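4 protein chains.
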Amino acid sequence: MIPRYSRPDMVAIWSPETKFRIWYEIEAHACDAMADIGVIPRANAEAVWKARDVTFDVARIDEIEAVTKHDVIAFLTHLAEHVGSDEARFVHQGMTSSDVLDTCFNVQLTRAADILIADLEGLLAALKRRAQEHKDTVRIGRSHGIHAEPTTMGLTFARFYAEMNRNLRRLKTAREEIATGAISGAVGTFANIDPAVEEHVCAQLGLTPEPISTQVIPRDRHAAFFATLGVIASSIENIAIEVRHMQRTEVLEAEEFFSAGQKGSSAMPHKRNPVLTENLTGLARLVRMSVIPAMENVALWHERDISHSSVERTIGPDTTVTLDFALARLTNVVEKLVIYPDNMLANMNKFRGLVMSQRVLLALTQAGVSREDAYKLVQRNAMKVWEEGKDFKTELLADADVLKALSAAEIEEKFDLGYHTKHVDTIFARVFGT
Amino acid sequence: MIPRYSRPDMVAIWSPETKFRIWYEIEAHACDAMADIGVIPRANAEAVWKARDVTFDVARIDEIEAVTKHDVIAFLTHLAEHVGSDEARFVHQGMTSSDVLDTCFNVQLTRAADILIADLEGLLAALKRRAQEHKDTVRIGRSHGIHAEPTTMGLTFARFYAEMNRNLRRLKTAREEIATGAISGAVGTFANIDPAVEEHVCAQLGLTPEPISTQVIPRDRHAAFFATLGVIASSIENIAIEVRHMQRTEVLEAEEFFSAGQKGSSAMPHKRNPVLTENLTGLARLVRMSVIPAMENVALWHERDISHSSVERTIGPDTTVTLDFALARLTNVVEKLVIYPDNMLANMNKFRGLVMSQRVLLALTQAGVSREDAYKLVQRNAMKVWEEGKDFKTELLADADVLKALSAAEIEEKFDLGYHTKHVDTIFARVFGT
Amino acid sequence: MIPRYSRPDMVAIWSPETKFRIWYEIEAHACDAMADIGVIPRANAEAVWKARDVTFDVARIDEIEAVTKHDVIAFLTHLAEHVGSDEARFVHQGMTSSDVLDTCFNVQLTRAADILIADLEGLLAALKRRAQEHKDTVRIGRSHGIHAEPTTMGLTFARFYAEMNRNLRRLKTAREEIATGAISGAVGTFANIDPAVEEHVCAQLGLTPEPISTQVIPRDRHAAFFATLGVIASSIENIAIEVRHMQRTEVLEAEEFFSAGQKGSSAMPHKRNPVLTENLTGLARLVRMSVIPAMENVALWHERDISHSSVERTIGPDTTVTLDFALARLTNVVEKLVIYPDNMLANMNKFRGLVMSQRVLLALTQAGVSREDAYKLVQRNAMKVWEEGKDFKTELLADADVLKALSAAEIEEKFDLGYHTKHVDTIFARVFGT
Amino acid sequence: MIPRYSRPDMVAIWSPETKFRIWYEIEAHACDAMADIGVIPRANAEAVWKARDVTFDVARIDEIEAVTKHDVIAFLTHLAEHVGSDEARFVHQGMTSSDVLDTCFNVQLTRAADILIADLEGLLAALKRRAQEHKDTVRIGRSHGIHAEPTTMGLTFARFYAEMNRNLRRLKTAREEIATGAISGAVGTFANIDPAVEEHVCAQLGLTPEPISTQVIPRDRHAAFFATLGVIASSIENIAIEVRHMQRTEVLEAEEFFSAGQKGSSAMPHKRNPVLTENLTGLARLVRMSVIPAMENVALWHERDISHSSVERTIGPDTTVTLDFALARLTNVVEKLVIYPDNMLANMNKFRGLVMSQRVLLALTQAGVSREDAYKLVQRNAMKVWEEGKDFKTELLADADVLKALSAAEIEEKFDLGYHTKHVDTIFARVFGT
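Protein chains in written order, with my numbering: chain A, 20 to 453; chain B, 20 to 453; chain C, 20 to 453; chain D, 20 to 453.
Warning: the hint list may mix true and false statements.
Chain copies aren't distinguished; within one or between two, either way the pair holds.
[To be verified] Subject to a maximum C-alpha distance of 25 Å in a straight line, what follows is the list of computed DSS-like cross-link-like pairs (lysine-lysine): (1) LYS369 x LYS423; (2) LYS403 x LYS369; (3) LYS369 x LYS69; (4) LYS369 x LYS441; (5) LYS191 x LYS69; (6) LYS395 x LYS412; (7) LYS147 x LYS191; (8) LYS290 x LYS369.
Because the hints were derived from the structure by calculation, they are not lab data. All values derive from a computational prediction rather than experimental measurement.
Construct the entire structure; sequences and hints are all you get.
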């Protein structure tokens, strides 16, 4: 996590203050539940809520941890300083540190997912708006980087919308999967704590009780979560690379927004670099690199080892913060992307109608010309375009053999862009609904 | 994909014969749809079905491909040899190779998913049976590889069941995601083919039409698919490592089944190696290694490039074949795992009751002894066990200071294993339902 | 490993025949060494060489393995069928299977490295030739895909040469690292076999004795080896992406060679797809995906477990075969790449001299114009080029304020391409030597 | 990078202060070189050194950057505040930001490598000391986690030494590879700056001039660097897992040092968790996760894009800081590892001599007993040990059939541990030299 690629709301989820606040809520709700089932006095449970409005003192907790060498104990000691030693004496009873740590981590991941869901929804809104705006902006479709057939810029945005919408569904599933809590004791047997405590705490925190935990919540959930973030990052890269291609000097069908004040813009007007989407390409790698470690974390020894912990301390914050930033940046890029429809048309016509050669070929065969002859007819005109810089349609209209098979009007029709855009509405209806 | 880690049904999905069969069905159904909307004559569509029972001749197709340098054209040429050149002349009309290739690939992945789903269901059945069999087989729970508190072997199986059940849900989602088809033409605009063709073909093949494709089906679907396989593989590793630990000489709480005939078993009875689960550990890595390339495949240039293709030619078969084999092997290991309950008890008692020290400590404080004094009482008896080989309970029962706080019966009760297993039924109900 | 991405020499290294041949040599040389130190009779060692010219019968060995369930024993049994049971009775004495398997694997990797080294040398020769051919072929250098300053195509080839030359050095180092053998017995203590045997076998096979092995050769060597292949693959991707960019329709500075017979080339002359380099982009991912598993293989349990084996059975052949194919394909692409110098110049001049704006800016300040004024002077002329399609140099020459600072000749000089290429010889001398 | 897994010296390399200091040195040395060749006045070059002892004000630079939106310009502006605007006017002349940024990054990586080299040397010293200390401490060697034949703890340390020594060589190579600098201008042609400047700056900073750069230093160097760190991390994991296994309750052949004051140690003396090596297992994953992104960074578009930058801003510091911490932690673990030779012997004898069964089998066949008969003799005695808890040697000595082949003394000899350790000196000489 580095400041220039971070946004405050996501960063806040991973602050010590937030962590201690979640720990506090877990402990306080657990006390309530224990009082409910008569395991501890009601008064002691109520006393814990005296700290309801406290912002815990991170420096003080660190100070205590320096002595106790144990973060949860340090926090509990500090909590007792607020609640009173005697009143606090039942706090954490029958629980293990992991009950607090793992449940807290999942609360944090769930909240992170909520931000990411909102990010995706914002991105989807931007993509939808730009799709509708450019529904009929014709550009050349390319396979292998080579001109193929016409499409529209709206379809480009629409497919990114559809892809990100799938990511939204995936993320919601991943969020649901990670939203579990566990208060099940040293090896998950509830030997020292009643399952009712887990149920109450989870309900209060918006979590589902983990059906079976050991001391830890099983890490396949986290692996699935980070894998989902990796897929989203890959889709970000997909859009980023499209923009980078559109902005390259020879293509110039679009540019990232360039604020008036940004230095160098007008003395070297050609030198506007797609630095935001290049950056997004790199950020995608950073998000993706958490996937394999998260999967390696699944296989813990017996009921638990702690090999996963250092990995999660890093990828928990870093990956969610980076993805949040990347989604926000991408949304900004999409919203402000400067589109150049004229350049799109100019690019499409770079080879003066040659992109229609396949359609002409098809029309000739449908008009009864043999495949071989049709090929020769198209070929000899195409070569004049390619080698001599002629215009394809003009050449065809001047080719007597072609005119035997196709009327001038039929030839003209083959160059009608409407032929290629006739199903755009159908596709939009599929993607955006009616 | 190597033979020793392959099973025939999954391998068959990836055979050329299967591929050509699927291509054939796509083309034939497409002709039907084109006839339905009047684009081609019904007779020509019907003629294609003459090849309904043909097993296509792979060698012949290869022979043609050697000339045409194009696999789909080679297939179509061969198809015409069966159907008749004239009858076949409308086959593939308006379609591009990718319409066939991508739809076929998703059919293959969907079928692969069906096998993997069945594999997982088989594994779940085995885990459930073993869980119930060993529901009350007590063993020591371990954190960090160190004895913690008692649990049961049934809980171990139950948590693997719960984890694999989550994987089943994930896989079903991934299967649904990958079960799409596209017949949308050169850049996905349906310029040369009606969307109705896509709808019909998909319906016949059990697929959903891809809402918006380019020439290819978007690769985020595949990334999500392979990521899911990676999570499943990580869970396989999780179980494999548990078995490997249980089998190591000093633990010996379980062994992979060792057939009577396997050489060396009885002259070196200690030397039964957990080679199946070690192998599964490696296979998990092989499955997992497809995840990042599948994600790197998402960002294609413009409407498509073909960088993803070589990756998929490899990971499509290799990853599904390996995972299928691994799941089957794991199921076999689970079904036949030889469990040694006596060794479990012996291990638990390695330090003569010391695993109960925490419970005694808690009991002392609850009986009113101060935390510090309780600690000292437990400590002095624990050290006798640790250093002099005494029995913990015996020592406690002989310690007058302990007896001031706890009666002999109370001390005895602290060593009752039932304390630790009292919620096993609750957990089983959560995992397996009532 | 799939046939279309494989070449026979590399495939042969991984054939069962080659493997058994290497096993045979290990065993035969080991017998010699044991005879040398008097551990077995000389006659028995000599007898083993009776099989010197035998091509081992893979089917027969498989047949035996089906019974013995052990590959090395199956081979030894078959070897005895050639040598005679009695004569062969000392073969493999004191050795373990891993002595044979691991030493063989390293022989195979070493031979694979030799092919890859030759591949790289071939690629380097091609890059060098193309570099010299196009040393002075000017093209625009691009940062961020945006025109920056002129460079030459020769420099592009030269930097790929320098990069691949580093890869050659890395590969030679990796080859040296992997060229070790071990004949050290069950846990590497030489309890049952004298170190002299290891020394002799290694010397005969061109290997260095592993200084300390356990039962296996340590896997950090293999991790370093596959990591090196991953770096090479990434450099392949680097070159591939350059070619793909050069070939895209709007750039068209180069094209992969397109044989006259390849269908569709002339009827759609614009539609020549860079499929070879797209394929290389995918192959690079396939090579790279072996790196993490190879690293995960390093941590074996105690003296060895067999988790690495399934990984290596796959990545050993697949990764080396894929990389060999990729290097050969890339060499072919480089050798035959069709370069379009005219298009390079046309692209450079797309914005009629604007790429020189920074140089003009610098010249103005050096001529005493304040930075702010210089900027304004450049800006107002640049905008005429950008917005009105004027020529930059013409505008400058017509701008009285500019002419106050720079003479017409000085302005002309700023557009001299020789300014940018003056150090090409220096760089070539650095890269290729004098 | 998180504080608890960081050490100050490595962190300092990545501080803004260090970065600006290196930028300063690059610029100042560049001015000297430009003065040397007469491009700028000597006085101006000398003036830059007025800032020689300045600690640059990071906050002030940030303030300027907030306006200029460009980090290098902000730094240069601040530098002029120290040197004087007029004196500083030739600073950075003809250079691009990347000349500074990339050269600085390589200086940082080189310094990081120096620390890591020192770390490795420290680890090697610890491993060597422990190896010599426990050269003759016999323990059972294990394959597949199952007892195989005796080895010594010294050999375990020695093989870790040999592995880390290879890592040291790899790291030195990687350091040498990354120790390059480039001052070659916008696209690497030296159009605006003489190669002599690059040569001087590199010489002053202990770097080699990059033979051919573009605007950036080629990223295959960085890929090789991070791949090397990934291999080292994998070796750390290898040692960590050995320790974790040794410490697990049932094995208890070693324990991480446990300071007297650490809570809970004596009331639950069995509960000493190998948390340091578990942590190292996780840290290894964190280091390794940088390898693939570093390789993905190699393929930049044309002369450069900036996709690599965000990746490097993260993995540059994070990976080196984590690896430095991990090596230091591992060294500490190795130095203080508490070894339990008695437990090693007890473990070895868990099955009362059965680990010698293979040696007895061999001895019987060498004594002329047929393989089948020898197997039966060993088997029947082994089963008594396995099933009835008898002692293997005792049984053999009481077996008349065995005694027909082997004398009592010969049987006794088979249980001599010296047989297994006789080549330890040889191996030590190979590893540590004479």
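For the identical chains here, do LYS147 and LYS191 meet the 25 Å Cα criterion within one copy, between copies, both, or neither?
within (20 Å within a copy, 29 Å between copies)
Identical-chain pair category, LYS290 with LYS369, by Cα at 25 Å
both (22 Å within a copy, 13 Å between copies)
With identical chains, the pair LYS403 and LYS369 could be close in the same copy or across copies; at 25 Å between alpha carbons, which is it: within, between, both, or neither?
Answer is both: 14 Å inside a copy and 24 Å across each meet the 25 Å cutoff.
Homo-oligomer pair classification [LYS441, LYS369; C-alpha up to 25 Å]:
within (23 Å within a copy, 34 Å between copies)
How would you classify LYS369 and LYS423 at a CA-CA limit of 25 Å: within, between, both, or neither?
neither (28 Å within a copy, 41 Å between copies)
Up to 25 Å CA-CA - LYS69 versus LYS369, copy category:
neither (74 Å within a copy, 46 Å between copies)
When Cα atoms must be at most 25 Å apart, do LYS395 and LYS412 count as within-copy, between-copy, both, or neither?
For LYS395 and LYS412, only the intra-copy Cα distance (16 Å) is at most 25 Å; the inter-copy one is 45 Å.
Using 25 Å as the alpha-carbon threshold, which applies to LYS191 and LYS69: within, between, both, or neither?
Classified as neither: same-chain Cα gap 35 Å, cross-chain 47 Å, threshold 25 Å.
This entry does not satisfy hints 1, 3, 5, going by the numbered hints stated previously.
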